[in-house]
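Student: Chain by chain, the residues run as shown.
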Amino acid sequence: MQAFDWDFIVGHMNYWLFIVLMMTGFYIVVAKGNLVKKIVGLNIFQTAVFMLYISIGKVTGGTAPIFPLDMEVDPAVTYSNPLPHVLILTAIVVGVATTSLGLALIVRIREEYGTIEEDELLKIEKEIALQDIRQHSEVIGERG
Amino acid sequence: MATALAVVRAQSLFATAMLSGVFSLLSALLLVVLDAVDVAFTEAAVGAGISTVLMLGTLALTRRFESPPSHSPVLPLFVVLVTGAALIYGTLDMPNFGSATAPAQVHVGPDYIERSVEEIDVPNIVTAILASYRGFDTLGETAVVFTAGIGVLLLLSGLRRRRRDKKEDV
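Protein chains in written order, with this note's numbering: chain A, 18 to 161; chain B, 1326 to 1495.
Source of the hints: derived by calculation from the structure; they are not laboratory data.
Treat each hint with caution, since some may be false.
To be verified - Listed next, with one range per pair, are the computed distances between beta-carbon atoms:
(1) B:Leu1478 x A:Gly78: 46 to 56 Å
(2) B:Pro1428 x A:Gly78: 45 to 55 Å
(3) A:Thr80 x B:Arg1440: 41 to 51 Å
(4) A:Asp24 x B:Leu1478: 46 to 56 Å
(5) A:Arg151 x B:Leu1417: 51 to 61 Å
(6) A:Val94 x B:Leu1386: 49 to 59 Å
(7) B:Leu1464 x A:Gly78: 56 to 66 Å
(8) B:Thr1416 x A:Ser154: 35 to 45 Å
(9) B:Val1358 x A:Gln148: 30 to 40 Å
(10) B:Gly1474 x A:Gly131: 22 to 32 Å
(11) A:Met30 x B:Ala1468: 35 to 45 Å
(12) B:Pro1435 x A:Glu129: 31 to 41 Å
(13) A:Glu129 x B:Thr1426: 32 to 42 Å
(14) A:Thr77 x B:Thr1416: 13 to 23 Å
A virtual CB, placed ideally from N, CA and C, is assigned to each residue, including glycine.
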């Protein structure tokens, strides 16, 4: 194999671009502390996966998989693969359902803790746990 | 892609929500170019429309700005780069973009295209597969959406009542 295969690079550029997008979303999810921003990152990741799938279904010279209205199918026309489209349609709708659930959880968390930043949440959680332990040891101490 | 990077930088959550809407719209355009018109419709309506509205609603109920990051981004960046490298390594034996002989193109796809004319008689193949060949998927999808809707209702239903209680306490 030669060192610099131009055809190969152009043919795989779509995958690489979508992987870069995916990793952008992943970085937001991992590195950012704000919960709303994490959800946005998750959405970006998701959309990148969608586009990756659709790009797999694309055929060069193909057109959208819709027949002419009179149903006279011209065998010379190539259509892109409709199966990924169907799967991704389902995935988009499920994706918005999970997004809305996540956002509702965030609203609830904000109501309970007064913050939507991850590190502040962890701090509050730690204090609550410490209090629990203290109470518990007091109860045990009384018994002893 | 530039919008995605802007999302990383933006401190204002309002700007983030707007940028994610723009991102969805641009990806819908890209999907049209890739022949997936139905998917592009859905992405534009759901991703750019409903998701943005949901996000703005959440922001109205919570707050507008994110606090500056408290820990260094080196470790996450490292994890992300390693994952990305692994994924790119995985694409190296994928078929070229648009190749008509790729495994994804020669398996069941042509069957759907050839037979849906006589079997379903609906011009749009995507609709035919979605509602007929893979109807159970769609049923499962509705179940998921229904469950999520119930979850959201349960999480948010007490919101107003609890707020009123709090005011009376004060």
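Student: For this structure, which hints from the list above don't hold up?
Tutor: Hints 2, 3, 7, 8, 9, 12 and 13 not satisfied by this model.
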